[in-house]
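If you're matching them up, the sequences are chains A and B in order. If you're matching positions, the first sequence starts at 4 in the numbering used here and goes up one per residue. If you're matching positions, the second sequence starts at 3 in the numbering used here and goes up one per residue.
None of these hints come from the bench; they were simulated from the model. What you were told as hints is all true, and nothing was included just to trick you.
One-sided and incomplete, this derived list gives chain A residues near chain B with beta-carbon spacing under 8 Å:
| id | residue |
| --- | --- |
| 1 | W89 |
| 2 | G90 |
| 3 | Y93 |
| 4 | P150 |
| 5 | A151 |
| 6 | R216 |
| 7 | P217 |
| 8 | K275 |
| 9 | G459 |
Here are the simulated distance ranges between beta carbons:
| id | chain 1 | residue 1 | chain 2 | residue 2 | range |
| --- | --- | --- | --- | --- | --- |
| 10 | B | T256 | A | S263 | 51 to 61 Å |
| 11 | A | S277 | B | D253 | 23 to 33 Å |
| 12 | B | N393 | A | D102 | 31 to 41 Å |
| 13 | B | V187 | A | D102 | 49 to 59 Å |
| 14 | A | S334 | B | S264 | 50 to 60 Å |
DSBU-like, lysine-lysine: derived pairs with alpha carbons at most 30 Å apart:
| id | chain 1 | residue 1 | chain 2 | residue 2 |
| --- | --- | --- | --- | --- |
| 15 | A | K88 | B | K118 |
| 16 | A | K347 | A | K154 |
| 17 | B | K178 | B | K36 |
| 18 | A | K294 | B | K118 |
| 19 | A | K182 | A | K388 |
| 20 | A | K294 | B | K36 |
| 21 | B | K407 | A | K147 |
| 22 | A | K88 | B | K36 |
| 23 | B | K36 | A | K269 |
| 24 | B | K118 | B | K36 |
What you are looking at is a predicted structure, and each value in this text was computed from that prediction instead of being measured. Just so you know, even glycine gets a beta-carbon here, dropped at the ideal spot from N, CA and C.
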Amino acid sequence: MGILRYFGFLFLLLLLLLPSAFGGGFTYDGIGVKARGMGGAFRAIADDWSAAYYNPAGYARIKDNVIAGNVAFFHNRYWAKPHIKWGDQYETGYFDGQDIANGHEVLNVPQAGILARFPVWGEAVMGFSIIQTFDQNQNWQLYKNIPAYNKMNFPRLQYYNNLDVVAFQITAAREFLDKKLSGGIGLALLRGDLVFNNVVLRNSPMSAPISDRPFDKIPEWYHNNLNGWGFGYRAGIIYHLNDAMDLAATYVGKSSFDLSGAADFKFYMGDKASIYSPASEEYFFQKGGVKDVAADVKTTLDLPASISGAISYKANKDLVLALDVELVFWSEFRGFDFRYSNYKGLKSANPTTNFANANELFTTSPSARVDWKDAGRLMLGADYKPFSFLDLRSGVSWDQSPIKDSTFIPQFMDLGDKFSYSFGFGFAIGFWNLDLATTYTHQPDRDIKDMNIQDGLLVNLPANYRANNYQTVLGISYRF
Amino acid sequence: MLEKIVILLSVLLTVAIFSGCSDRGITGGAASHKGGIVFNSNHLFGEQLGQSMFDAMSENPNVGLRVYVPYTQLRDNGTYMNRGSSEPCPVLFLLSPFGAGELFYLDHGLKDVADKMIASGEIKPMIIVCINGSNGYGGSFYGDNYAGGRFAQLIGDRTGRPSSEAGATLIDHIDKLYNTVRDPVDEITPYRGGWAISGVGMGGYGAMRIAIRYSENFSSVSAVSAPLDFDGANGDGGFLPLFQKVIRDLDDTTNYHDMDTSMSHPLQTLFFAAATSFSPHDTGDVDDGNVITDTTTYFASGAIKFHLPFDANGAPHEPIWNIWMANDVGTILNNYRRSLDSTKVLLIATPEADYGYYQQTIDFWSHISRYYADSVVTLSTFNGYPGFPANGQGYTYDDLPKILKFHSDNFVIPE
Chain A
4 MGILRYFGFL FLLLLLLLPS AFGGGFTYDG IGVKARGMGG AFRAIADDWS
54 AAYYNPAGYA RIKDNVIAGN VAFFHNRYWA KPHIKWGDQY ETGYFDGQDI
104 ANGHEVLNVP QAGILARFPV WGEAVMGFSI IQTFDQNQNW QLYKNIPAYN
154 KMNFPRLQYY NNLDVVAFQI TAAREFLDKK LSGGIGLALL RGDLVFNNVV
204 LRNSPMSAPI SDRPFDKIPE WYHNNLNGWG FGYRAGIIYH LNDAMDLAAT
254 YVGKSSFDLS GAADFKFYMG DKASIYSPAS EEYFFQKGGV KDVAADVKTT
304 LDLPASISGA ISYKANKDLV LALDVELVFW SEFRGFDFRY SNYKGLKSAN
354 PTTNFANANE LFTTSPSARV DWKDAGRLML GADYKPFSFL DLRSGVSWDQ
404 SPIKDSTFIP QFMDLGDKFS YSFGFGFAIG FWNLDLATTY THQPDRDIKD
454 MNIQDGLLVN LPANYRANNY QTVLGISYRF
Chain B
3 MLEKIVILLS VLLTVAIFSG CSDRGITGGA ASHKGGIVFN SNHLFGEQLG
53 QSMFDAMSEN PNVGLRVYVP YTQLRDNGTY MNRGSSEPCP VLFLLSPFGA
103 GELFYLDHGL KDVADKMIAS GEIKPMIIVC INGSNGYGGS FYGDNYAGGR
153 FAQLIGDRTG RPSSEAGATL IDHIDKLYNT VRDPVDEITP YRGGWAISGV
203 GMGGYGAMRI AIRYSENFSS VSAVSAPLDF DGANGDGGFL PLFQKVIRDL
253 DDTTNYHDMD TSMSHPLQTL FFAAATSFSP HDTGDVDDGN VITDTTTYFA
303 SGAIKFHLPF DANGAPHEPI WNIWMANDVG TILNNYRRSL DSTKVLLIAT
353 PEADYGYYQQ TIDFWSHISR YYADSVVTLS TFNGYPGFPA NGQGYTYDDL
403 PKILKFHSDN FVIPE
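Between the sequences and the hints, there should be enough to build the whole structure, so can you do that?
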């Protein structure tokens, strides 16, 4: 009867709080299967390897040496119904009115860590972990050349963003004040990888009639493949208030570092029947086909700082409740200011034409800058232990979106204030622990109506967006 | 109990991992459809153009033509099916604007627009004839005299002669070459309900002029931002304010009689072109009764001789201006009263049009609306989008669907 009551409690919690595994912005939070099962409300508990991420202070309270890992599988189910017309009436090539699903993939992210007690600085716990802290995987096909302009197809990865930030983190923690206070710090070497593709519609630099509709815009697809290294840190404390309650606070520092790599551009040229001299720039802009250009590229990746506070409450010997609040300073992320150099494939001048218009078009950076706001997050979780070998977990979170309509692009999908619902369990078998957590995130529909055009470029992508996220995390750990 | 818990958790694990895997339909793309084909059907019209003052035209009285044929008249391998092997289609003439030729509409997406609309059933399959109305100065204005070229007659008239015979017209030519709609009784005569005419700018003027003069051959007409009222609603608009502008735009070293046709002054060139069509200096060799003896606004460049309608002060020169006004479609409509009684008219105009063509179109609409009901005459206006004003012919691509739909809806095809 007691078990049924607690099952009922967990079930009701799920139903009532319906909609915490999807981080705002491009935070990746499939880290730590126990934390995921509790909806991310883990900063005041922080009693497994994933404390390296949630709160390094937690390491100080882990009595055993541990080696552990988890792998998260997730589906992002997104739809966009674009409504993009120049002047609200003229065809652009976007799939207006069509409900377009993103490219479907089951993604997986592995993470792992090891920690051990060392007789240094009194007695400290030190660990090393590999954690993916930020991630974004988006793949859309939302545009096709107007057939009268150019019938050539775009590459499959059209609007594409594969951003990964992996932290190779050393964590150290110890207890203070007669074990009332734990403190920890993590220092990380950050690896950033970014593949960012985009379509931009350039104003034709040519005059009429060459630039008459639908030749007024020249579609450009670009592909940037960059990577780089940087440093990051995070720190936290846990205060043991009494036998039932712990309080915690964490701070994650801002990290900025350069990524560099190679870029490819494809410019789809208008295809007309009228004939100009093949040596002329007019001919070049009307002969159709694709002009390929390549360059070296750099950008700066700004990863935001965050602060959080948390509390955990041990209701009885079997049930722990936790509440976390976090604020992420997303306003520090300004998108990508792509800086290109060492172009290859530009048009060479001939005796009659210098192709100034074409080369200016090819060398104008299509940066993807954004204007985001700081965003908060509230997480609530429970861990119930009906048997000595079993933990049942549940959690819910509410998570704000930092993205404003004015710079919303489908490469970053975060539609609004999200609710996530998590459920998980863990088996303890001797020195082993096997855990699973699954999370469903429901994002509100978002209808972006207004086109934001700056310097002739559309910097957002108006559409009616819908999204749901599914995430399952499997974990294993061994105590020694 | 443990067994039950394991079963329950196993089910939850399965559901968790496979949730979100259902089919979600399209991930992008547009349906493909069958398309028509464009033929080069250039043709010689020696009778109408052989006496042009432009040597290139008189020596080679060839009118550039591109003919779009819908997929319904094509075999699967893309070859054309002759009359009797496919359903006949109505015909739409599209007249080129000033400074453009027979490729103009194709360069503005005509084929793809027509393919898409026909495939979707939005419009009836139709044959679309793109006509080059240019002369040596960039535009014939589809006038009707031998010195400038009898474009109006060659496009609008129908003689029934074999297209290879002197005097045959474009309708004769197209009807001979393609599977057009014919009179269900005699099965020979082109059926009026299956013919329409349209154009942009100068082409719109030509379309309206021809539809009025040869209303027996066309059941619908449309014009986009066209010079349809030469002197405006009150007699002081239309082209008249542009005369002063031509004079003002002359640079310090250029006198009235030094003006030339270089396209660095497109308005000036436009008036020169119109003058070769409306007020050519016919010395009498052609013997069409249009001999002009006044020399006040006379210009000559080799064989090309004409009279401008305004003097060195930019004021209208009445003897010539009156000849121009005889070419005004309002005047022609007065001469051919009730000629639009059974013709559907669509006027499309943008306030951003060059040369005051918007107001000319609006004034003409006001004029004919007095005689014809809204159901006969339709006015549609549009604007460009910020950063891309609707001057020139920049929005023809966006006007074409309206034009094709209008004419499709107004073709009357016998059972």
